[in-house]
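Protein chains: 2
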Amino acid sequence: MMDINKEIAEHTTQVEAIITKYLPKESGYQKTVMEAMNYSFLAGGKRLRPMLMQETYRLFGGSSDIIEPFMAAIEMIHTYSLIHDDLPAMDNDDYRRGRKTTHVVYGEAMGILAGDALLNFAFETACKGLMQDVGNPAVARAVQILAQKAGIYGMLGGQVVDVESEGQPLEREKLDFIYDLKTGALIEASMLIGAVLAGASEKEQQVILQVAKDVGLAFQIQDDILDVTSDMETLGKPIGSDEKNHKTTYVTIRGLAQAQKDVEKISERALEGVASLSEKNVFLNELIRYLIHRKK
Amino acid sequence: MMDINKEIAEHTTQVEAIITKYLPKESGYQKTVMEAMNYSFLAGGKRLRPMLMQETYRLFGGSSDIIEPFMAAIEMIHTYSLIHDDLPAMDNDDYRRGRKTTHVVYGEAMGILAGDALLNFAFETACKGLMQDVGNPAVARAVQILAQKAGIYGMLGGQVVDVESEGQPLEREKLDFIYDLKTGALIEASMLIGAVLAGASEKEQQVILQVAKDVGLAFQIQDDILDVTSDMETLGKPIGSDEKNHKTTYVTIRGLAQAQKDVEKISERALEGVASLSEKNVFLNELIRYLIHRKK
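Chains as they are written, first to last, in this note's numbering: chain Y, 160 to 455; chain E, 160 to 455.
It is possible that part of the hints are untrue.
Remember, identical chains collapse to one label, so a pair may be satisfied in a single copy or spanning two.
[To be verified] Within a straight-line C-alpha distance of at most 25 Å, the following computed SDA-like cross-link-like pairs (lysine to any residue) qualify: (1) 190 <-> 244; (2) 190 <-> 326; (3) 333 <-> 185; (4) 180 <-> 198; (5) 403 <-> 323; (6) 420 <-> 331.
Read the hints as simulated data drawn from the structure, not as lab findings.
So here's chain Y without its partners, still in its complex pose:
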């Protein structure tokens, strides 16, 4: 059996070769903002969202390059959200993944503009897909899913509630809302766009949406667990930060033992969902298992 870490690394390389094709060329008077966009986009990461999109697309038998601009677009939206989250008025973070954050390198004004630019460019990129197969309702629907899951009823809505709740104890319902939108929405968008573009039926789309919700939730709960159980060396960042910041998490509400049981239950449900659709895509199963049971 192949080492999952190595397999993911190979997939990351392949995904990056696709999505970086869609980055803007750094030229013209407005060159600086393009540099800032590319600096942030190229900061690394596993490219999980475009990877999940591509694997879901393959699960339903998709094989054309119509998926590519959407893979790039979802990563642009993820990147813009990180740039704006790091701004002084938000989390005020100077470093991300060991590199200086965008506003630290390019200044605060350009940080704001680079985030705006990536959000806008995500739609410009998705429109390339739209024009590539104009008249195909599935592609139009994919653009709409992207817009809906990124906005106030998706990721941004979750971010707003997270910002407003800072330093306050959270009830379970509100925590679920933040997890569902802030972390979940882009994972849902990724998998649903993959399914829609591959021609999945309404019923199959419903199954994959539930799988995505489970993956997003289990991913986030595992994050909370690792903040308690891991060590700084393994995690690559300080542990115990949630407790230090008096942050309500899934672990503080349900307790560590129950949270660990819940992750098992939710991830089993997600894997059963995938299995009910197809037995073909082994890597998608491996990827989901990895995301949920990861140690860092």
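Given chain Y, work out where chain E should sit, using these hints.
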């Protein structure tokens, strides 16, 4: 002959009745960002961009409601750009049109998020149009124009260069670039989307694009002229601010007399362009004349 100010006011009322239908309902945990979006959107203004879009649509015989989500979307993009321009890291303005700016009322984090939300919601709204007539290439093209003219090759590109040039003398070529993109691009988007959705031919689209470029440029030059020739009472804001800020403008480069001649020439060209397309839409002509020869 009707009073143009009164006529525009009536059109503004009609346009507002359309575009406000597309605003989000203020509800749910993420209510605050919706309030901030609506606060900014409802701050007033003449709604020139959606008005130009609607009139261009009518010029080419358009009569369905497919134009409506795009009218709302272009105003959302204009509004987001104002919110982010006013932020402390950008122009740091506390007031706009006599009302407190969004970040002053809702805080800086929510100001950033409300701008992001409006940009994203513009595409969600345009996607409503896309799904309303799915499979129609003109509607797909309209979404693409919106994305392209708002982004790094459009309005945002101009804004980046404007921010970077602050406090520096500008050569003519760069000033033209900023005017063309920062002010011009959304006017081009408005008129071009109106033309495309009404089924204008490629050649007609080229003519209307040139008209829009002229309208945008003349509008901006007139702005520079008024900053020199008007008085505070008429203009409703301090005059002479460009000179005070050592700002390079069309007037500082070309001189006042030449700038006034140029406005005449450019606006005549724009009106001839419209006349070459149709003699039907009298109000569009009046509107262009007003925009260019306005006293405030």
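Exercise. Under a CA distance limit of 25 Å, which applies to residue 420 and residue 331: within one copy, between copies, both, or neither?
Worked result: within (17 Å within a copy, 67 Å between copies)
Exercise. Given a CA cutoff of 25 Å, do residue 403 and residue 323 count as a within-copy pair, a between-copy pair, both, or neither?
Worked result: within (19 Å within a copy, 40 Å between copies)
Problem set entry | Alpha-carbon proximity between residue 190 and residue 244, which holds within one copy, between copies, both or neither at 25 Å | both (23 Å within a copy, 19 Å between copies)
For this session: Could you figure out if residue 180 and residue 198 sit no more than 25 Å apart (CA to CA) within one copy, between two copies, both or neither?
Result: Within one copy only: 14 Å inside, 39 Å across.
Exercise. With identical chains treated as interchangeable, where does the CA-CA distance between residue 190 and residue 326 reach 25 Å or less: within a copy, between copies, both, or neither?
Worked result: between (39 Å within a copy, 19 Å between copies)
For this session: Classify it for me, residue 333 with residue 185: is the Cα-Cα distance of at most 25 Å met within a copy, between copies, both or neither?
Result: between (42 Å within a copy, 17 Å between copies)
In this structure, every one of the numbered hints holds.
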